[in-house]
Amino acid sequence: MNQEILKIQNLNVYIGDTHIVKDISMGFLRKNITAVMGPSGCGKTTLIRCINRMHELIPTAKVTGEITLYGRDLYAFNPIYVRRKIGMVFQRPNPFPTMSIYDNVLAGYQLNGVSLTRQEKDHIVQDALKKAALWEEVKDNLHRKGTFLSGGQQQRLCIARALAMKPKILLMDEPTSALDPKATSHIEELLIELKKSVTIVIVTHNIAQASRISDSTAFLYMGELVEYESTKKMFTVPKDKRTEEYLIGKFG
Amino acid sequence: MIKTNMPLRMVKDKASQGLVFLFSVLLAIPLMVILFYVVKNGLGVMSWTFLTHLPKPVGESGGGISNAIVGTLILVGLASLVSIPMGIFTGIYLSEYGNTKTAKYVRLCVEVLQGIPSIVIGIVAYVWVVVTLGHFSAISGGVALGMMMLPVITLSTEETIKLIPKTLKEASLALGVPYYRTMLSVILPTGLNGILTGALLGISRVAGETAPLLFTAFGSPFMNANITKPIQSLPLLIFNYSTSPYEEWQKLGWGASFLLISMIFCLSLITKGVTRKR
Amino acid sequence: MWTDRLQFFEIMFKKTLQVFAVLVCVLLGGIFLTLLVKSLPAIVSQGIRFVTGKEWDPVMGNFGAIPFVEGTLITSFVALLISIPFSLSIAIFLGEYFKQTWFSSVIKSIVELLAGIPSVVYGFFGLFVLVPFVRSLETPLGITPYGVGIFSAALILALMIVPYSASMSREVIALVPSDLKEAAYSLGATRYEVLRYIILPYASSGIFAGTLLALGRAMGETMAVTMVIGNSNLIPESLFGPGNTMASVIANEFTEATDKVHLASLIELGLYLFVITVVINSVGRYIISKFTIETQTQ
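Protein chains in written order, with the numbering used here: chain A, 1 to 252; chain B, 253 to 530; chain C, 531 to 828.
It is possible that part of the hints are untrue.
Just a few of them, taken from the derived set where beta-carbon distance is under 10 Å, the chain A residues facing chain B [as the list claims (entries may be wrong)]: (1) P95; (2) L111; (3) A208.
Simulated from the structure, these hints should not be mistaken for laboratory data. Beta carbons: idealized from backbone N, C-alpha and C, even for Gly.
Same shape as in the complex, but just chain A:
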């Protein structure tokens, strides 16, 4: 059961001349929530963007090291293929403004030119929206544009959009940083529910959030992996002094 499906080995990332991620090696357990935390600018976002190769959008980014999914090197594939297997949710909710809720959920299929029957589509949409705990709220408005939804609902729509592709891993880049506390707790509950079916890696600068939802936590500081431990352990007996200082609010 507790098998490492995603493994990072000796990962270094440079953007231009800046060394952003310094020699990080870590594994991610299946159907677990792993939180990556640290002060802003510590390289946590860059780290997870390397997993689905979104860093390649920055022309000056250079990566060395290895990332494997089920033992297979992610960098041997086309990034498009990698991104279909590894979903991502961003800081700000970003549903496609020109599409209805229904089409937003199906965007991954439709934009990739996958043809589906009406039943298949209905099934995927209902399934993904239910998983994202949004179904009850939008089932009567499926064909309206997603822009009337609240921020929290929009973010859950984005989660549904990512889940619809049936990803092996869901990467979340501070998914609640643009939301109010109520919407945040709603999404946190959802994540705990979701880890039954998908492996989640979540970047957060919110220490409390990491402690509430994650199974294990990685603490990054200045591009280095300072400590990687089960959440319980780290929050009770941190090994590194820097971790301790961060947890009690000495920086960031």
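Assemble chains B and C onto chain A, guided by the hints.
Relative to the frame of chain A, chains B and C by itself:
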């Protein structure tokens, strides 16, 4: 206590404000006068016959300018055909690769192209198309107008796409959607209103152009839909008729001016409507 | 494999974008080369006389461009001079004094309407309304009452470039950082003083660039000028006398030029117009982009 001449300062303040106000409002007078004359002389000419008939020979009254209306539509259509897709692609390029050295040169070229006098564009279209074909033609006029539309569409596409949040592009790419589909199926539809505005701006810029058509489309008294033949257009007709000595023709010229101005104003109203919807 | 096909499309798409972009540069280069090559016959036969000659006589084969160069410079500079108080006032009106009031939206509409009127309609109006008006002014002043001429052309031209330079200046004035203005106000400055000592000095380079671009426009403007300038190929005798600009003589004579050197001479005029506007636009855009970057980094 520092002493300043407060009354004088206040007078200066009020005076400057008054001057700015005066000059701004003064500008309304020529506009009113122009519109007054165009409406006064042009509105009376408006009729069904005017819109649907061909011009009558000199000496006969009546007649219409249907050939010029059709000609203007054909010329603008031809111009749009190449310049809209080309402008959109170049605009995407500029917004996506805007910081590279090549893109900076491309942007400079586009801006310079926008500043070239229309008469010079006319000369170039003459050399490229009229000399090659051996005669004046609608297609040469379309080429000239197209070159004038291109920068407008390019720059407005660039502006539009730059305003679309980066996160949208990332969302699409993160779903494993290829870059080209992301741009064509996500970014372009999102910016559709802005791009449409640019196209309409481009059209209203060239619809009233005369100089580049003088020796390309050239004008013709006949109804013509053959793009390899000379073709009439509203601005050309206004130029020819207003400088002619015949009062009947001058009347048609005022009518055509009224029509042309109405068309361009309608276009800009539509453009505004599109922008507001955004 | 399907990813290979996608890879192919990706590359094709990026290449297509590049091709279109490079095509624009090729287009501009092509325009220049075309003008240069097609004016060679005139450059060869007229040589330096083209730019120093005061006589333009197609029958005798003499092509000296001085009358048109003078005509262009005088009309556009006079037009610029007339337009500056108006365009600057409107820029200040819209960008500072009456920012975002209903009254500024009225002025804005007026400017937009003026910008929307086609050149040929300005010319038509000039010919039938402005020219008789100018003539009626000239008679009591004891000037030969042509009506048509440099002055009428400059008047129409001024009206046509006001919207353009006003909108350029307004953008520049809007870029003046508001904390600078607020600092001045908090020191007790009046609006006039803020305008005179803060806004205008700060925005001066941008306003200059906008004026330069407007000048470029005025020099290339053809139809309205052609219709009211009187089309005389002599050096203009006075501000009110008839003349011709580089653009208007091309419009007038191009279709009638059967002689090879005549046609080439007209194209050479076009070449110079092209070069002038390219220089003016590059300089103007450069100043404005520098100005924009400076204000944004502050």
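Taking the hints in turn, this is what the structure says about them:
no.	hint	in the structure
1	P95	8 Å, holds
2	L111	4 Å, holds
3	A208	25 Å, violated
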